[in-house]
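K.L.:
Listed below, chain by chain, are the residues.
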Amino acid sequence: MTKTAIVAIVVGLAAIALVVFAATTRDMSNADFLIAAYASATVILVIYIVSLSNRLKKAQEARGGEG
Amino acid sequence: MTADKFGKICGIAALVLLAVGLATGMLVAPRERIMGDVYRIMFVHFPSWVGTAAGYLTAFVASIAYIKTRDFKWDYWGQAGAEVGLLFNVTGLITGALWGRPTWGVYWTWDPRLTTTAIMAITFAGYLVLRAFMEDPESRARAASLVAIVGFVNVPIVYFSVRWWRTLHQVQSSPETVDPQMVWPLRAMMLAFLLLGVFMMTRRVMLARLRGEEEMEMVRLEVARD
Numbered sequence: 001m002t003k004t005a006i007v008a009i010v011v012g013l014a015a016i017a018l019v020v021f022a023a024t025t026r027d028m029s030n031a032d033f034l035i036a037a038y039a040s041a042t043v044i045l046v047i048y049i050v051s052l053s054n055r056l057k058k059a060q061e062a063r064g065g066e067g
Numbered sequence: 001m002t003a004d005k006f007g008k009i010c011g012i013a014a015l016v017l018l019a020v021g022l023a024t025g026m027l028v029a030p031r032e033r034i035m036g037d038v039y040r041i042m043f044v045h046f047p048s049w050v051g052t053a054a055g056y057l058t059a060f061v062a063s064i065a066y067i068k069t070r071d072f073k074w075d076y077w078g079q080a081g082a083e084v085g086l087l088f089n090v091t092g093l094i095t096g097a098l099w100g101r102p103t104w105g106v107y108w109t110w111d112p113r114l115t116t117t118a119i120m121a122i123t124f125a126g127y128l129v130l131r132a133f134m135e136d137p138e139s140r141a142r143a144a145s146l147v148a149i150v151g152f153v154n155v156p157i158v159y160f161s162v163r164w165w166r167t168l169h170q171v172q173s174s175p176e177t178v179d180p181q182m183v184w185p186l187r188a189m190m191l192a193f194l195l196l197g198v199f200m201m202t203r204r205v206m207l208a209r210l211r212g213e214e215e216m217e218m219v220r221l222e223v224a225r226d
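Just so you know, the protein sequences line up as chains A and B, in that order.
So that you can map any letter, position 61 of the first sequence is 61 in the UniProt record's numbering, and since no number is skipped, the others follow by simple counting.
So that you can map any letter, position 195 of the second sequence is 195 in the UniProt record's numbering, and since no number is skipped, the others follow by simple counting.
Be a bit skeptical, because a hint or two may be false.
[Stated by the list, open to error] Cut-off 30 angstroms, straight-line C-alpha distance, at most; resulting in silico cross-link-like pairs (DSSO-like, lysine-lysine): (1) B:Lys73 - A:Lys3; (2) B:Lys68 - B:Lys5; (3) A:Lys3 - B:Lys68; (4) B:Lys5 - A:Lys57; (5) B:Lys5 - A:Lys3; (6) B:Lys73 - B:Lys8; (7) A:Lys57 - B:Lys73; (8) B:Lys73 - B:Lys5; (9) A:Lys57 - A:Lys3; (10) A:Lys58 - A:Lys3; (11) A:Lys57 - B:Lys8; (12) A:Lys58 - B:Lys5; (13) A:Lys58 - B:Lys73; (14) A:Lys3 - B:Lys8.
Calculated directly from the structure, the hints in this document are not laboratory data.
Sequences are here, hints too, so could you generate the full structure?
P.N.:
Put into C-alpha cells, the structure is as follows:
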C-alpha cells in the first residue's frame, strides 16, 4: 500500500464521518440520501486513487528492476 | 517544475480545500427553503461536473495535439483525461440520482440533461474499451484520439441542454441567486475537485508513459527478432 493510498483512505473515511456526524447531530432532512451521495462519491474516488497509486508503484518498480 | 511535483502540490491543495468545503457545506451553509438539507448534495454533485469537464477537455485538446504531432506524450494525456473525466462523470450521475429521488421522486428520467450526460459517459467508456482492444500503439492512439474529439462535441450540448430543452432539470444557478453562505463552500469544493482531477491526471500520465515505454521496447524487440 502506497502513502498516497493510505492518505486517500484516511481522508475518505474522515469525509464520510463528517457527513454522518453533521446529518445526524443536526437532524437533517433526507439524511439517508445525503449520506449515500457523499459515501458513494468518496468510495469511487478513493478506490480509483488507491488503484492508480498501486498500479503506478508496480510499474515504477518493474521499470526500476529492469535498469 | 516536474509534472510529478505539480501533481503533488495540486493533491495537497485539493485536500485542504476539500476539508474546508465539506466542513462549511455541512456545518455552516444554511438549510434550503424548499429542498431542505438534501440540497447539500450540490457540494459534491456540481464539483463532479467540474472534474468531468476538466478531464474531457484535457482528452479533447491532447487528442487534437496527438493527431497533429503524432507525439505519444499527447496520447498519454488523452487517456488520462478520458479516464479521470469518466470517473467524475459516473460520480456526478450517481450523486445526481440520489438527489433526484427525494426532489423529483425518481432516481432517473429521460430528461435531455440526464440523457446527454449518460451518452457522454457511454462515449468515453467506449474510448477506454477501444483502447483495451487495439494492440498496435499507433493505430490505437489515432483511433482513440478521433473518438475523444467526436465525443467531446457532446460536452457543450450537455451544458446547454437545460436551456435548449426546458424540462425537469433546472438551469444553471448563479452566485446572485444563491445564499453567499452556500456559494463559498461550493467554490471551495469545485476548486478541490478540479485540483484532485489534475492530481489524478498527472499520476495517470506517469503510468501511461511507463507502460508506453515498456510497450515500445517490446515492439523493438519483436522487430529485431524478425
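K.L.:
For every hint, state whether the structure bears it out.
P.N.:
Quick rundown of the hints versus the structure:
1. Proposed proximity of lysine 73 of chain B and lysine 3 of chain A is supported: the alpha carbons are some 27 angstroms apart, at most 30 angstroms.
2. Taking the CA atoms of lysine 68 of chain B and lysine 5 of chain B, the gap is near 28 angstroms; set against the 30 angstroms cutoff, the hint holds.
3. Taking the CA atoms of lysine 3 of chain A and lysine 68 of chain B, the gap is near 38 angstroms; set against the 30 angstroms cutoff, the hint is violated.
4. A distance of roughly 16 angstroms separates the Cα atoms of lysine 5 of chain B and lysine 57 of chain A; the hinted pair therefore holds under the 30 angstroms criterion.
5. About 15 angstroms separates the Cα atoms of lysine 5 of chain B and lysine 3 of chain A, which keeps this hinted pair within 30 angstroms; it holds.
6. Between lysine 73 of chain B and lysine 8 of chain B the CA atoms are separated by roughly 20 angstroms; this keeps the pair inside 30 angstroms, and the hint holds.
7. Restraint check for lysine 57 of chain A and lysine 73 of chain B: satisfied, since their Cα atoms lie roughly 20 angstroms apart, inside the 30 angstroms limit.
8. Among the hinted pairs, lysine 73 of chain B with lysine 5 of chain B is consistent with the structure: their alpha-carbon atoms are about 18 angstroms apart, no more than 30 angstroms.
9. Pair hint lysine 57 of chain A plus lysine 3 of chain A holds up; C-alpha atoms about 10 angstroms apart against a cutoff of 30 angstroms.
10. For the hint pairing lysine 58 of chain A with lysine 3 of chain A, the CA-to-CA distance comes to about 14 angstroms; that is within 30 angstroms, so the pair holds.
11. Proposed proximity of lysine 57 of chain A and lysine 8 of chain B is supported: the alpha carbons are some 15 angstroms apart, at most 30 angstroms.
12. Among the hinted pairs, lysine 58 of chain A with lysine 5 of chain B is consistent with the structure: their alpha-carbon atoms are about 19 angstroms apart, no more than 30 angstroms.
13. Between lysine 58 of chain A and lysine 73 of chain B the alpha-carbon distance is near 21 angstroms, which keeps this suggested pair within the 30 angstroms criterion.
14. Annotation: proposed proximity of lysine 3 of chain A to lysine 8 of chain B holds, straight-line Cα distance about 12 angstroms (limit 30 angstroms).
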